[in-house]
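Number of protein chains: 2
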Amino acid sequence: MDRQKISLDEVFTPRGVAVIGVSNSRMAFAELVVLAMQRAEFPAIYPVNPKYDEIMGLTCYPSITDIPGPVDHVVVNIRAELALQLLDECTVKGVRSVHFFTAGFGESGVKENAELEQEMLKKARAAGFRIIGPNCTGLFVPGVRLANDFTVPLDAGPIAFLSQSGGHAQNLPSYSANRGLRYSKVVSYGNALDVNEIELIDYFAKDDETEIIAAYIEGVRDGVQFSAALEKAAAVKPVIIYKGGRTEAGMRAANGHTASMTSSIDVFDAVCRQRNAIRVDGIEEMIDVLVALKFCKNIPEGNRVALVGAGGGPSVLAGDEMEKEGLKMPPFSAALQDQLKQVLPVAGSILSNPLDTPNMASPEAITAGIGVLSGAPDIDIIVYHLGFHPISQWGIGFFKERTQVQRIVDAMKAGMGSSGKALVIALRVPQTLEGMEEYLTVQEVFAENGFPVFNSMGDLARAMRRVIEWSHVRNATV
Amino acid sequence: MDRQKISLDEVFTPRGVAVIGVSNSRMAFAELVVLAMQRAEFPAIYPVNPKYDEIMGLTCYPSITDIPGPVDHVVVNIRAELALQLLDECTVKGVRSVHFFTAGFGESGVKENAELEQEMLKKARAAGFRIIGPNCTGLFVPGVRLANDFTVPLDAGPIAFLSQSGGHAQNLPSYSANRGLRYSKVVSYGNALDVNEIELIDYFAKDDETEIIAAYIEGVRDGVQFSAALEKAAAVKPVIIYKGGRTEAGMRAANGHTASMTSSIDVFDAVCRQRNAIRVDGIEEMIDVLVALKFCKNIPEGNRVALVGAGGGPSVLAGDEMEKEGLKMPPFSAALQDQLKQVLPVAGSILSNPLDTPNMASPEAITAGIGVLSGAPDIDIIVYHLGFHPISQWGIGFFKERTQVQRIVDAMKAGMGSSGKALVIALRVPQTLEGMEEYLTVQEVFAENGFPVFNSMGDLARAMRRVIEWSHVRNATV
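Residue numbers (our numbering), protein chains in the order written: chain S, 156 to 633; chain H, 156 to 633.
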């Protein structure tokens, strides 16, 4: 008879972690996990390899059963053929969860490998421990210092991410760190042999540390259960879903990647619509939506944008991008123009929408201009554009200095006051190392100060639209 | 009676350049032009300002008529009210062209300013000299060291760019430099008072230094003439057009920007289709299409892509992105898989499409794998994906070293041999300064070696599709 399954709560709070297949002579996943855990200062890391006494300054053990302390979680990067024997040792040691980075199971398309997977599951069920994967990068739980990558932010935050792809599971937190996103739990679950999307969505819906749920899914095993889990989760928290394998070629790749039986994309989309999950088409778009959700304390009800700070060409582009996504950039009313004229030096400036005024360069003018806009009843969203071209009103390299950026941020905050309106920043990704330095500094300082930052007008418009639409449906059903 | 107009050939080859309104006490457009010209080592730069004897190490003249040598081109950044008097001095000096950075003319919406523009045009016609703008950043002609920005590449190349926006005129060459694009002439023409899009397209169609014509246009004054110019140009060279102001908000911004009477977007699109001009929706997309045109010596006839080097998640995304743009990522034939198995170590690898094999990390394996693919009759385009995540097969920071990148490039070249197939590189824009360093190095080295490099799978697929479609129409009509 099978033992009672270990709960995900227990999986996410391991006391000791063993890393199997770690080596002194290469740098692959197992070694990177050890490095990542050392960086995170996880207190009990146990490398396992009979060939070594010490690895990366840590005592190395010949087998998992030789480790003195408790081992709750096991990270595995050894050949698939050795998996069953290892699981027997895990049973003896009494672990809670085993994560297989190892690939070459069900997703290989080879019958024997798929059968091997089922044998592994039997052993897990008999002993009660859980399997993460195989064919994935496993767990990142910043709250307990459990890490699998050293480019991710180690302070915890409100976003949970379940990802069938290991690459995406690492890229989302690492790519979004600078824009202020932080995570409660990130789970790469690969072939979903045991822990799967349904259990994870159920768990995150109830998890107190999670306010927003993000998911990268290639295929779901049970559409009805999935839809039910989504319904429960989306009723209490925003859920964002990136479905990989939307086309024939993508589905073929997904099948080779995680053996996913991808369902009809139309059915999948219909379920997301019905449950008011926000559907996105890539990791970058997922980051954009997460940024909009996390930093717009009051998601705007309307779609009327006031644009500030872009030059001519970018302003035209902005208008086009906004309208393409269903946002509006209406001309300023005469009353609003009058108000702006009273606070801004006007020579050579057009006080229309977009507000393309070189006079908005001083902190005082920013405060005054934003102040007028944040009080305007016919404006819902204020978009501030910051480029990094030498001919900006701020001069070359101005934004390299955090203190300079902070002055701009403070001026904007003063202008926003307690209006509760959304102030959203649009940047442009530069193509020089100098520009990149400015861009990263600006991203970081604005994010630290609680402002949503996007990498282009198009990205901004798309994310704001998704979030506004989501909010409308939610408000209508609450 | 009006004098004969100076030709654009003469405008593009000035012997001396005067910069009006340059100052020692600020850093604005006029000062940046002087810096840019000094960087470009233009031999005869004359700052003009009665307040100074010297500016930026150059002799400064009280007025343009005080300059001893010939002055063919004049860059103007003074108040609009002073324009007419300045043009009288230009007539006395016998200049060929006057570029007004100064704004506040027709685009301001004020009747007097629009009339002032017409007075300026009369003076130009009477004297024969040409006006560039007003309200623009003017000329960049690397071949004669004429520069207006110091982030642009100074070696000349085959691309001409006419841009109604000054920002775009500077951004295109500066953003695309690292990806190997070089320019014959870049003209920002703003309000198009005199020199306009029709004359420029006509000129570039005949210009021996120009092989590809790119245009950013907000509005055309004469649709029939424009269509005729486009027909002649597109018959001999690829023409790429980014039309700003496609939506109501965009049009409103365009009208405030360059006083453009934007025509119906449907008519504009129909003209582009009819003339086989490639229409794009932004500067980044324009760069992508230019990269595809410049570096695909043989534009592929078919749309069948073999993808190499991406991990699981990115492969799924790639399949989706390719198919969305009408490209195919077909499964490899049994014969092709056999050939790959003969040259690649296969343990743990899937030799399907995408070719997600960690064994393609050595130069030898790259040469062998690419060699097989470049010889495959059922593959038209080989896409190589390079990420910058620490867990790449190459290790952290590998791509910072130009020599390392060059080894990969050489291995690819050896694999491609004389197959004539397209090998296209997909990168991903990192979000750390370290990653950015790698990314810029990879961009640069691949571009220097003649390979098209794109910043994402989606960008790559979109650009390749545009260029393949363009080529099909061209081949059908030739």
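A couple of the hints might just be wrong.
One copy or two, it doesn't matter: identical chains are merged, so the pair holds either way.
Claimed, not checked - Each computed DSSO-like pair below joins lysine-lysine, with the alpha-carbon atoms no more than 30 Å apart:
1. 496 / 266
2. 555 / 160
3. 277 / 266
4. 483 / 387
5. 266 / 206
6. 266 / 483
7. 266 / 392
8. 248 / 496
9. 555 / 278
10. 496 / 568
11. 555 / 568
12. 387 / 496
13. 483 / 392
14. 361 / 496
15. 479 / 206
16. 160 / 452
17. 452 / 361
18. 277 / 483
Think of the hints as simulated: they come from the structure by calculation, not from any bench. This structure is a prediction, so every number in the text was calculated from the model and none was measured.
Hint check results:
Within a single copy, residue 496 and residue 266 get their C-alpha atoms only as close as 74 Å, which misses the 30 Å cut-off; across copies the closest is 20 Å, which meets it. Taking identical chains as interchangeable, the C-alpha atoms of residue 555 and residue 160 are never at most 30 Å apart, the minima being 52 Å within one chain and 47 Å between chains. Only within a single protomer do residue 277 and residue 266 lie at most 30 Å apart by alpha-carbon distance; the minimum there is 17 Å, versus 83 Å between protomers. In the homo-oligomer, the alpha carbons of residue 483 and residue 387 never lie at most 30 Å apart, since the shortest distance is 33 Å inside one protomer and 38 Å across protomers.
Taking the shortest Cα distances, residue 266 and residue 206 never come within 30 Å of each other, neither inside one copy (32 Å) nor across copies (86 Å). Proximity of residue 266 to residue 483 under the C-alpha cut-off of 30 Å is restricted to the inter-copy arrangement: shortest distance 28 Å between copies versus 55 Å within a copy. Taking identical chains as interchangeable, the C-alpha atoms of residue 266 and residue 392 are never at most 30 Å apart, the minima being 40 Å within one chain and 55 Å between chains. Taking CA atoms no more than 30 Å apart as the test, residue 248 paired with residue 496 passes in neither setting, with 74 Å inside one copy and 40 Å between copies.
Neither within a single protomer nor between protomers do residue 555 and residue 278 lie at most 30 Å apart by alpha-carbon distance, with minima of 56 Å and 46 Å respectively. For the homomeric pair residue 496 and residue 568, the shortest alpha-carbon distance inside one copy (21 Å) is at most 30 Å, but the shortest distance between copies (61 Å) is not. For the identical chains of this complex, residue 555 and residue 568 are intra-copy neighbours only, at 20 Å inside a copy versus 39 Å across copies, given an alpha-carbon limit of 30 Å. Proximity of residue 387 and residue 496 under a CA criterion of 30 Å is satisfied in neither setting, with 51 Å inside one chain copy and 48 Å between copies.
In this assembly of identical chains, residue 483 and residue 392 lie within 30 Å of each other by CA distance solely inside one copy; the values are 28 Å within and 38 Å between copies. Proximity of residue 361 to residue 496 under the C-alpha cut-off of 30 Å is found in neither arrangement, the shortest distances being 51 Å within a copy and 48 Å between copies. Taking the closest pair of Cα atoms, residue 479 and residue 206 never come within 30 Å of each other, the shortest separation being 61 Å inside a single copy and 50 Å across copies. Neither within a single protomer nor between protomers do residue 160 and residue 452 lie at most 30 Å apart by alpha-carbon distance, with minima of 39 Å and 60 Å respectively.
Taking the shortest Cα distances, residue 452 and residue 361 sit within 30 Å of each other inside one copy (22 Å), while across copies they are farther apart (57 Å). For the identical chains of this complex, residue 277 and residue 483 are neighbours neither inside a copy (57 Å) nor across copies (40 Å), given an alpha-carbon limit of 30 Å.
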